[in-house]
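Residue numbering for the sequence shown follows the working numbering, beginning at 128 and increasing consecutively.
FYI, nobody ran anything at the bench for these hints, they're computed from the structure.
Do not take every clue at face value.
[What the hints assert, rightly or not] In silico lysine to aspartate or glutamate, EDC-like type, Cα no more than 16 angstroms apart, as pairs:
no., residue 1, residue 2
1, K187, D142
2, K187, E203
3, K187, D143
4, K187, D214
5, K222, E250
6, K259, E203
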Amino acid sequence: MIQWQWSPFNELTGDDLYAVVRLRESVFIVEQNCPYPDADGRDPNAWHLLGWIQSSSGRKLVAYARIFEPGVRYREGSIGRIATAPDVRGTGLGKTLMAEALRRIESLAPGQVIKIAAQRRLENFYLGFGFKTVSPPYEEDGIIHVDMLR
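Throw the hints in and build the complete structure from the sequences for me.
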């Protein structure tokens, strides 16, 4: 069972932040072979969604997303750095993570448009949540993306 944690940056503990860095680094840098810095200076202005499981070796971060209220990163609210650990993929956790992120951003900014910069290979996943593609494909850090709005 996933335990969800919502935190602004200044309330993340050192252990929380270390787990976030490890998951994001393993997914966005190592797994995707994308040798670009993950620390983009935006984390202090975001809400962070952490999905934990309890295992015999302790608590493990298996899902993560960060959320910006409207006007912080874009004119719209936005969700980004959406990641799940490889060992939980195919379980539906990605859909649960996205649904939780959408619930939160909609509670922070009811009725506002939400923007994501989606990796093109995941475009259909986000279409399933009501997002619409609003840009041609573009390259960011060596990966093809599209902008999507909901």
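How the hints compare with the structure:
no.: 1; hint: K187 to D142; verdict: 11 angstroms, holds
no.: 2; hint: K187 to E203; verdict: 32 angstroms, violated
no.: 3; hint: K187 to D143; verdict: 10 angstroms, holds
no.: 4; hint: K187 to D214; verdict: 11 angstroms, holds
no.: 5; hint: K222 to E250; verdict: 13 angstroms, holds
no.: 6; hint: K259 to E203; verdict: 14 angstroms, holds
Comparing the model with each numbered hint stated earlier shows that hint 2 is the single one that does not hold.
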